[in-house]
Every structure is written in structure tokens, then in C-alpha cells.
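Student: Sequence:
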Amino acid sequence: MSGTTLLALALLLPLGGALAVALLGRHPNLRDSATLATSGLTFLAVVGVLRELLAGRPAGIELISLFPGAAIAFRVEPLGMLFALVASGLWIVTSAYSIGYMRGHHERHQTRFYVCFALAIAFALGIAFSRNLLTLFAFYEALTLSTYPLVTHHGTAAAMRAGRVYLGVLMSTSIGLFLLGMMWTWSVAGTLEFTPGGILHGHVDGRLAGVLLALFAFGTGKAALMPFHRWLPAAMVAPTPVSALLHAVAVVKAGVFTILKIVVYVFGVDFLSGSGQGEWLAWVAATTILLASLVALTRDNLKARLAYSTVSQLSYIVLGAALATPASILGGGMHIATHAMGKITLFFCAGAFYVAAHKTEISDMRGIGRTMPVSTIAFLVGSLSIIGLPPMGGSWSKWWLMLGAAEAGQPLMIGVLIVSSLLNVAYLMPIVVRGFFVDEDDGPRPPIREAPLFCLVPLCLTAIGCVVLFFYADRIYELLRPIVGL
Numbered sequence: 152m153s154g155t156t157l158l159a160l161a162l163l164l165p166l167g168g169a170l171a172v173a174l175l176g177r178h179p180n181l182r183d184s185a186t187l188a189t190s191g192l193t194f195l196a197v198v199g200v201l202r203e204l205l206a207g208r209p210a211g212i213e214l215i216s217l218f219p220g221a222a223i224a225f226r227v228e229p230l231g232m233l234f235a236l237v238a239s240g241l242w243i244v245t246s247a248y249s250i251g252y253m254r255g256h257h258e259r260h261q262t263r264f265y266v267c268f269a270l271a272i273a274f275a276l277g278i279a280f281s282r283n284l285l286t287l288f289a290f291y292e293a294l295t296l297s298t299y300p301l302v303t304h305h306g307t308a309a310a311m312r313a314g315r316v317y318l319g320v321l322m323s324t325s326i327g328l329f330l331l332g333m334m335w336t337w338s339v340a341g342t343l344e345f346t347p348g349g350i351l352h353g354h355v356d357g358r359l360a361g362v363l364l365a366l367f368a369f370g371t372g373k374a375a376l377m378p379f380h381r382w383l384p385a386a387m388v389a390p391t392p393v394s395a396l397l398h399a400v401a402v403v404k405a406g407v408f409t410i411l412k413i414v415v416y417v418f419g420v421d422f423l424s425g426s427g428q429g430e431w432l433a434w435v436a437a438t439t440i441l442l443a444s445l446v447a448l449t450r451d452n453l454k455a456r457l458a459y460s461t462v463s464q465l466s467y468i469v470l471g472a473a474l475a476t477p478a479s480i481l482g483g484g485m486h487i488a489t490h491a492m493g494k495i496t497l498f499f500c501a502g503a504f505y506v507a508a509h510k511t512e513i514s515d516m517r518g519i520g521r522t523m524p525v526s527t528i529a530f531l532v533g534s535l536s537i538i539g540l541p542p543m544g545g546s547w548s549k550w551w552l553m554l555g556a557a558e559a560g561q562p563l564m565i566g567v568l569i570v571s572s573l574l575n576v577a578y579l580m581p582i583v584v585r586g587f588f589v590d591e592d593d594g595p596r597p598p599i600r601e602a603p604l605f606c607l608v609p610l611c612l613t614a615i616g617c618v619v620l621f622f623y624a625d626r627i628y629e630l631l632r633p634i635v636g637l
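Take the sequence shown: its letter number 178 is residue 329 in our numbering, and every next letter is one higher.
To be clear, the hints were calculated from the coordinates, so they are not data collected in a lab. Hints may be right or wrong, so weigh each one.
[Said to hold, decoys possible] Here are the simulated SDA-like cross-link-like pairs (lysine to any residue), alpha carbons at most 20 Å apart as the crow flies:
| id | residue 1 | residue 2 |
| --- | --- | --- |
| 1 | LYS510 | ASP451 |
| 2 | LYS510 | ASP421 |
| 3 | LYS510 | HIS305 |
| 4 | LYS510 | HIS257 |
| 5 | LYS510 | GLU258 |
| 6 | LYS510 | THR449 |
| 7 | LYS510 | LEU445 |
| 8 | LYS510 | VAL618 |
| 9 | LYS510 | PRO603 |
| 10 | LYS510 | LEU573 |
| 11 | LYS510 | PRO524 |
| 12 | LYS510 | ARG254 |
| 13 | LYS510 | THR522 |
| 14 | LYS510 | TYR623 |
| 15 | LYS510 | GLY427 |
| 16 | LYS510 | VAL584 |
| 17 | LYS510 | ILE599 |
| 18 | LYS510 | ASP590 |
| 19 | LYS510 | ALA455 |
| 20 | LYS510 | PHE605 |
| 21 | LYS510 | PHE588 |
| 22 | LYS510 | ARG521 |
| 23 | LYS510 | ALA624 |
| 24 | LYS510 | MET580 |
| 25 | LYS510 | VAL525 |
| 26 | LYS510 | PRO597 |
| 27 | LYS510 | ILE565 |
| 28 | LYS510 | PHE622 |
| 29 | LYS510 | PHE587 |
| 30 | LYS510 | ILE528 |
[As the list claims (entries may be wrong)] Label pairs and their in silico Cβ distance ranges:
| id | residue 1 | residue 2 | range |
| --- | --- | --- | --- |
| 31 | TRP434 | HIS257 | 45 to 51 Å |
| 32 | PRO219 | TRP434 | 33 to 39 Å |
| 33 | PRO562 | LEU540 | 35 to 41 Å |
| 34 | VAL316 | LEU195 | 44 to 50 Å |
| 35 | HIS257 | TYR623 | 25 to 31 Å |
| 36 | PHE622 | LEU445 | 32 to 38 Å |
| 37 | LEU163 | ALA308 | 34 to 40 Å |
Ideal placement from N, C-alpha and C gives every residue a C-beta, glycine not left out.
Could you build the full structure based on these sequences and the hints that come with them?
Tutor: Right, here's the structure in full:
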């Protein structure tokens, strides 16, 4: 099967899966089976695309040329390939987890949930394989719209309010800032194509490059840079599988992936580094990293704490892009994968605590490690990866980001990353300590009662994935190496 065919399948299978789920809505077992089958087939198609890329045959598809220098088109390159692998691979475990969670919690509107989830993956893959800014922008907007029903899934006043914040922030930033930056780029460069080495060098001076960078960085609201981060904690009213989608599989990763891709293929690493215009963005990212971590310390609700942790961790990737060195770009790319695996584990565990023990507040989780040991150990593993301790995958991405800061001559950024890791310890490890070493009460110890198997198996698999990424980080390095010319 050719690379072009595999690429088309990867893009179309989630759309076909969404249609199949909608048609099978009255038959829950068939509907859920269609979800699992589609996620598995999509991942296989993406792996096939990867093999073609590694064999030196990157696939491409052009649907329509709208005007000179801009078309709706797709092309496979290493950074997008990594994002596609993360999104399609984690869709499988998230689908299985969703079945256990949605049934275990007796959620309504499950068919709509699975349809929107499949559409979100389809649009995330469109972003990953986009050949130019126009295609990326179109699928970026589609991703926002497809995930709105997931954020408002419960239909309560709080959910609808969160949905308004979600749409308001993401649509206003993308249309008001990103679109303006895209139009400006086309007017000065005559093209919107993602090009190795960038397309802006020789067309804008350093100061204008800084303005354009601001339009793209703040226009990509899904990256949750402060002060455009409010939508992410607000969206925590959604079911936990949606939180996993927002924080690990598609939405926020689409945001930071977009910034990283624009730095590499629109600005060019050498041009941005030479102009010095990334320094201000590095400080914005560093501020977001520290402030969001401090806010996380104050949140007693587990999902809210994890939400602010995500705001902080996303800015690691923005920091890597802003530093604009080969090591920092590699570190940012690695963090897309390592953070996704660690954070989805934490959210899976949070959902398991809710389904099995009906606990959402950290202060109520005394002794939960004794009644739910598997889930709590998985939470520990995910936490260690987010903190960046070996042998967890997160240690490698933080290592490369620190190397990137050293390459850029920014020792203070190394300090920011170290302080952030200590703050990670401060807001994550007390949950594990409380779970295992603080008694719930003076009565008899309750029996072990884990979440349903469809919840438990996925969180164990992603916890194992955190360890696997440590030992196979060289595969990610080899995949991303060409984008920085190493």
C-alpha cells in the first residue's frame, strides 16, 4: 500500500468511524466496538505512514489550490509524524478507558460523545499532517468546534459557562491574532508553505519578526500561554475522558505543536535565534511555567490541580521553541510525547478515583492508595514522569530542554526548569503520600476496590508507557533529528 493511500486512510478512518458510531448509537456494544476498531485501524495507518517516511518516501496529498502559495494540502514530516503517533496511539487507550468510565458512571449522550471524539482525532491528524499554514488553521478551527460538545457534555449551567469560555478564548485568539499573522506572512513571503529553514528570512526584519511571533504565539490559544489559559481549567467540568483528550491526546498538544512547527518551518530556527526575537517569548513561557505551578499548589480538586499542571507543562514546549536551538527544539518535540503519556496516566487515575471511590478532592483521598493500590501506583509513575525523574520518559525531554537553554546562553531558564520540577514534586507527591501513608479513619480498612477493568487496564498501559519512553527515547530523537539538521 502506497504512502499516499495510507495517509488518506489515516485522515479518513476517524471520519468513517464517527459515521459508524452515529449509525450504531442504538446498539451500545456495536457502537463501542466500532470506536475501538476505528482507533486501532487509524493507528495502524499512521504507523504505515511512518514506515514510508523512514524509508525516504514522505507522502503528500493536495486537495485544492485556493490561491497562489496556499492550498488545502497534506505532507508528512517528522514533527507532524510524532504528533500523529501520539494522537492516534493514545486514542486507542482513551477509547477503552472511555467505555469503562462512561458506563461505570452511567453517563448520558454516549453516542454523541464518541462521535465528537472521533471527529476531534480526525482534525488533530489534519493539523499534524498539514502542509501549510492555511490547512493547519482550517483544521485547528475544526478541532475547536468538534470539542465544544465534549466540554459541555453534561449540559449543566457550569458546563455551558465553561463552553462559552472555551469557545470565546480559542476562537477570539485564533481569528483575531493567528489569522492576522497568517495573512501578514502570506503578504510578505508570498507563500504559506511549511519549508525547512523557514520562509520569513529576507522578508521581515527582526522587529517585525517579533510582532509576527507574538501574533502566532498568543493566537494559538490552545497552547494556554498566560493570560490566555482560562479556558483549560474551566473545561474541567467535562467528563474525565474529555480531560484526557484536552490535556494529552489532541487539543493542547495541537496548540504547542502549532507553535513548534511555525518556529521550525515558518520562522526557521537559525533566523529566530539570530534575530533574538524569541527571548521575550521564553520569558513569557518561563513565567507561565512557574505561576501555573504555584496555582496548582493551591487547588484541592484533583482535576483542577492537574489542569494547572498542564498549563505549566505546555510552556516547556513553548520555551523550547522560543530558545530556538537544536537541543531545545528536540526537547520540545520530545515533551509532546512524554508529557502526553504522563498526563494521560494522571487523568485516567483521577477518573478511576471518581468512578470507584467517588472522590474528587485531594483532602478526601486519605488512604485511597490502600483501597485502590493499582491506580495509585500508576498515579505515582505518571507523577515521576511529569517531575522528570529516571527511569521515566519525562526525564529526557527536560534534559534536552536544559541543554537547549545552555546552548542559548540562558542559565536562568535552566533554573526555571529545575524550580518547576521541584514544584511538580510539591503538588503531585502529597497525593501519593496521602493515599498510602495517611489513614482514612479509625475504623476497619475497607476492601480493595479498583475501577472497572476498562478503566484499570488503560491506566496501567500508559503508566508502563512512561517507562518505555525512557528506554526508547532514542527513537524519538532519530525521528526529530532531521528538522534541526543533525
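Student: Could you run down the list of hints and mark each one as holding or not?
Tutor: Against the structure, the hints:
Annotation: proposed proximity of LYS510 to ASP451 holds, straight-line Cα distance about 11 Å (limit 20 Å). Restraint check: the Cα-Cα separation between LYS510 and ASP421 comes to about 50 Å, which exceeds 20 Å; the hinted pair is violated. Note on LYS510 and HIS305: the hinted pairing holds, with a Cα-Cα distance of about 18 Å set against a maximum of 20 Å. Distance hint between LYS510 and HIS257 is fulfilled; the C-alpha atoms sit about 16 Å from each other, no more than 20 Å.
Among the hinted pairs, LYS510 with GLU258 is consistent with the structure: their alpha-carbon atoms are about 17 Å apart, no more than 20 Å. Distance restraint check for LYS510 and THR449: the Cα-Cα separation of roughly 18 Å lies within the 20 Å cut-off, and the hinted pair is therefore satisfied. Pair hint LYS510 plus LEU445 does not hold up; C-alpha atoms about 23 Å apart against a cutoff of 20 Å. Proximity of LYS510 to VAL618 is assessed by CA-CA distance (about 27 Å); at most 20 Å being required, the pair is judged violated.
Proposed proximity of LYS510 and PRO603 is supported: the alpha carbons are some 15 Å apart, at most 20 Å. Distance restraint check for LYS510 and LEU573: the Cα-Cα separation of roughly 26 Å exceeds the 20 Å cut-off, and the hinted pair is therefore not satisfied. Between LYS510 and PRO524 the alpha-carbon distance is near 15 Å, which keeps this suggested pair within the 20 Å criterion. Restraint check for LYS510 and ARG254: the C-alpha separation of about 18 Å stays at or below 20 Å, so the hint holds.
Simply put, LYS510 and THR522 have alpha-carbon atoms about 12 Å apart, close enough for the 20 Å limit, and the pair holds. Our distance criterion of 20 Å between C-alpha atoms is broken by LYS510 and TYR623, whose separation comes to about 35 Å. About 48 Å separates the Cα atoms of LYS510 and GLY427, which puts this hinted pair outside 20 Å; it is violated. For the hint pairing LYS510 with VAL584, the CA-to-CA distance comes to about 16 Å; that is within 20 Å, so the pair holds.
Annotation: proposed proximity of LYS510 to ILE599 holds, straight-line Cα distance about 15 Å (limit 20 Å). Distance restraint check for LYS510 and ASP590: the Cα-Cα separation of roughly 15 Å lies within the 20 Å cut-off, and the hinted pair is therefore satisfied. About 13 Å separates the Cα atoms of LYS510 and ALA455, which keeps this hinted pair within 20 Å; it holds. Among the hinted pairs, LYS510 with PHE605 is consistent with the structure: their alpha-carbon atoms are about 19 Å apart, no more than 20 Å.
Taken as a hint, the LYS510 and PHE588 pair is honoured in the structure, with Cα atoms around 17 Å apart against an allowance of 20 Å. A hinted pair counts as satisfied when its Cα atoms are at most 20 Å apart, and LYS510 with ARG521 qualifies at roughly 14 Å. At most 20 Å may separate the alpha-carbon atoms for a hinted pair to count; LYS510 and ALA624 exceed this at roughly 35 Å. Only pairs whose Cα atoms come within 20 Å are accepted, and LYS510 paired with MET580 is accepted, the gap being roughly 18 Å.
Restraint check for LYS510 and VAL525: the C-alpha separation of about 16 Å stays at or below 20 Å, so the hint holds. In summary, the hint linking LYS510 to PRO597 is supported, as the alpha carbons are separated by about 15 Å, within the 20 Å threshold. Of the pairs offered as hints, the one joining LYS510 and ILE565 is violated, with about 37 Å between alpha carbons and a cut-off of 20 Å exceeded. This hinted pair does not check out: LYS510 and PHE622 have alpha carbons roughly 34 Å apart, beyond 20 Å.
As the CA atoms of LYS510 and PHE587 are separated by approximately 15 Å, the hinted pair is consistent with the 20 Å bound. A threshold of 20 Å between alpha carbons decides the hint, and for LYS510 with ILE528 the separation of about 17 Å falls inside it, so the pair holds. With their beta carbons about 47 Å apart, TRP434 and HIS257 fall inside the hinted range of 45 to 51 Å. Between PRO219 and TRP434 the CB atoms are about 38 Å apart, so this pair conforms to the stated range of 33 to 39 Å.
At roughly 22 Å, the beta carbons of PRO562 and LEU540 sit outside the given window of 35 to 41 Å. A hinted range of 44 to 50 Å for the beta carbons of VAL316 and LEU195 is inconsistent with their spacing of about 37 Å. The hinted window of 25 to 31 Å between HIS257 and TYR623 is violated, with their beta carbons roughly 39 Å apart. Judged by the Cβ atoms, the range 32 to 38 Å given for PHE622 and LEU445 holds: they are separated by roughly 33 Å.
Checked against the given bound of 34 to 40 Å, the beta carbons of LEU163 and ALA308, roughly 38 Å apart, stay inside it.
In terms of the numbered hints stated before, the structure departs from hints 2, 7, 8, 10, 14, 15, 23, 27, 28, 33, 34, 35, listed from lowest to highest.
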